[in-house]
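Undergrad: Chain residues, written in single-letter form:
Number of protein chains: 2
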Amino acid sequence: MRIVAVDTFDIRFPTSLELDGSDAMNPDPDYSAAYVVLRTADGAEGHGFTFTIGRGNEVCRAALEALAPLVVGRDIDDLGELGRRLTHDSQIRWLGPEKGVVHLAAAAIVNAAWDLTAKAAGKPVWRLLADMSPQEIVDLVDWRYLTDAITPDEALDLLKAAEPGRAERAAHVERVGYPAYTTSPGWLGYSDAKLERLAREAVADGYRQIKLKVGADLTDDVRRFALARDVVGPDIRIAVDANQRWDVAEAVAWMTALAPYDPWWIEEPTSPDDVLGHAAIRRALADVAPDGGRIRVATGEHVANRVMFKQLLQADAIDFVQLDACRVAGVNENVAILLLAAKFGVPVCPHAGGVGLCELVQHLSVFDYVAVSGSLDDRAIEYVDHLHEHFIDPVVIDRGTYRVPRQPGFSAQMHPESLRRYSFPDGEAWR
Amino acid sequence: MRIVAVDTFDIRFPTSLELDGSDAMNPDPDYSAAYVVLRTADGAEGHGFTFTIGRGNEVCRAALEALAPLVVGRDIDDLGELGRRLTHDSQIRWLGPEKGVVHLAAAAIVNAAWDLTAKAAGKPVWRLLADMSPQEIVDLVDWRYLTDAITPDEALDLLKAAEPGRAERAAHVERVGYPAYTTSPGWLGYSDAKLERLAREAVADGYRQIKLKVGADLTDDVRRFALARDVVGPDIRIAVDANQRWDVAEAVAWMTALAPYDPWWIEEPTSPDDVLGHAAIRRALADVAPDGGRIRVATGEHVANRVMFKQLLQADAIDFVQLDACRVAGVNENVAILLLAAKFGVPVCPHAGGVGLCELVQHLSVFDYVAVSGSLDDRAIEYVDHLHEHFIDPVVIDRGTYRVPRQPGFSAQMHPESLRRYSFPDGEAWR
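Residue numbers (my numbering), protein chains in the order written: chain A, 1 to 431; chain B, 432 to 862.
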């Protein structure tokens, strides 16, 4: 398929008005998408986006425009080559390399190409991936900088080992769904009463894990965590998320203080760039949990690329890989991250929420289960109940699980009316 | 001083026509600057820029426009606060955090504020810094994420210990200059004859170190290195630079093959994000040099921020810190990096070349010598003889040393005619 035009959009939702999404580092986000549509001569469309939290979304859109000449007038049939094309332009690469705004924009375009390809194939993206041969999957990956941790041959072996069980696992996950956890109760801007109510509802709705934001004030965190634990009881996992608020020593002290309430993991305790910091925190929290066990460490939503995930795994720095559909360069780089995680035996629990991230990551987790890790153990996809109404094929949650998507594509397409109404700064929502 | 307006420019030089700056990853750069002018009500101007290599420079300019509201109408008297203001906007931070396009743009504005402040003080930036008290210097730094490696108190002690020798070292460096090395002979696109001629001229000009680009073809590299060694003799240091071309094992094999020619350091052997990869390469090259010694490892021009430098030092991954004036968030973050390097006892040899990088980093190295590390041992600033004619206060090189800058400001200001002629896409040079 040849791309003949690329349209870009700056879409913003005024979520800061309700303090949805408020945390210790992000007090007032306006959930936004730098959104892109790839068009073919016969009228087919691939939709993709990257997620931001407001100001600067126009800079991501400028980066989409800078990358557009790499796809207009060219084929996207080889999706592996497309991924490398979008991240290896020698001049644009200087602006990262492979990180920040230009990488967010590459994610949007790569994901749009997957949406287009999957629609043409009449399959959801997870199925398109799961129907590929091990070699085809290996060929999606940019192997540069990975081979000291996993080689293409090792990845091939791993995928071949998982191949016999694919059909059975696909049938299973289509039947029972993929486990979810919910962050909806835990935003910092919510009152104690709202936290209690939403935590109670989460358990009633079938969730086995919830997540609380922490890191602004320890006294508040202890009170909120105690309330939540009291509401949900000892058997529901409660993860906590500091959104990069701490230095290493502060993270250890803070989490030691929260340990009596049995946190399932501490997410983003410090800078997402700090591999050695995460490793030090994880070592220090190895025996402070109520049962003398470890407090687990998780990160990923701001981890810039596969090279950083590689090191987090090499350094034994994390217990959970929280990949993000749009932070790294889309499906291709996430396939690399899934392969790394499988090699190191670390479960993947994707970051979601925001705008449309739940819609995207469900495809990656289902593919991981069907064709890569082959496991659901300790896996769960984040779920936040925001902004799904803007998508043509929104996620379906049932009793604490994601129902497996069935429509062709990447579930990435917004309603035309949403694109119009929330266009910044001229859409009706912003006038 | 209050900023009343911010002007931005997309400046590009068509350097790809001559293959100046060509290396294994960047075959055809058009050296560019996303350039900013801060203006006060009384007509004072602070000039700053970030360096890119062409396409995407307009994305950096868009990021400058996104950051401009953080300075227009506000004071810049507290430069420490200014640095944190430009990197901590909660919505824009999402696009990094502290890396890529938004960080490049923050660098340009922070540096412009230093230019403005130094002009108002009637001092070059290095002198403005070197006249600050240890506490004032410590207060410039964003300490978040650093305290597991160096605390503000440790930095204060280090600066106080260097304080008594400041005046003597300032007089010394003003008299003899700061050592330089030259990359001019070594671009990959140059013929063997041009390499030989330029290497010979470098030694005649007084340089004690040159640098060659490597990494595209091993046979070529061996031939070029042997030629260069033959021309300059055994006593001139020859560094080599792979510009991120290799995986870990490839770096070790390639450098083992080049070891007989006695490389002084290998620069950017692999991804700038790969702390553990650099550490592994450095360990593997510990005893392959001709005298049984180590091949030293250097990196920095693409290292995203202080958190990454911190880890490179914590992991014993590098022998030289190659800070860049515009990759991290300007003077302030580079002060943090100088303090980290001093704490770990690793020499700083700044990345330069490009557009105006030589002009900026000389201030940082002179400040380092006068007030931080207090040493010139194994220090040298990169020098490339390109594009200096566009600057009002260009570097002055004499017998292989940088003469210390004396004009007020950051040596960052381009001639108005250069800003006009090389404006992209409408300047005369691009029409």
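Derived by calculation from the structure, the hints in this document are not laboratory data.
Where a beta carbon is used, it is the ideal one built from N, C-alpha and C, also for glycine.
Be aware that a few hints might be false.
Covered by chain A, according to a simulated footprint, are these stretches of chain B (three or more residues, beta-carbon under 8 Å) [claimed, not checked]:
#1 482-489
#2 616-630
#3 738-747
#4 786-795
Label pairs and their in silico Cβ distance ranges [said to hold, decoys possible]:
#5 D291/A to D747/B: 49 to 57 Å
#6 R597/B to G345/A: 51 to 59 Å
#7 P856/B to G189/A: 51 to 59 Å
#8 E496/B to A44/A: 31 to 39 Å
Undergrad: Determine for every hint whether it applies to the structure shown.
TA: Hints versus structure:
1. 482-489: holds (count 6)
2. 616-630: violated (count 0)
3. 738-747: Holds, because 6 residues of the region 738-747 of chain B bring their Cβ atoms closer than 8 Å to Cβ atoms of chain A.
4. 786-795: With 0 residues closer than 8 Å to chain A, the region 786-795 of chain B misses the three-residue bar; violated.
5. D291/A to D747/B: 49 to 57 Å: violated (36 Å)
6. R597/B to G345/A: 51 to 59 Å: holds (54 Å)
7. P856/B to G189/A: 51 to 59 Å: violated (45 Å)
8. E496/B to A44/A: 31 to 39 Å: Holds - the Cβ-Cβ distance for E496/B and A44/A, about 34 Å, lies within 31 to 39 Å.
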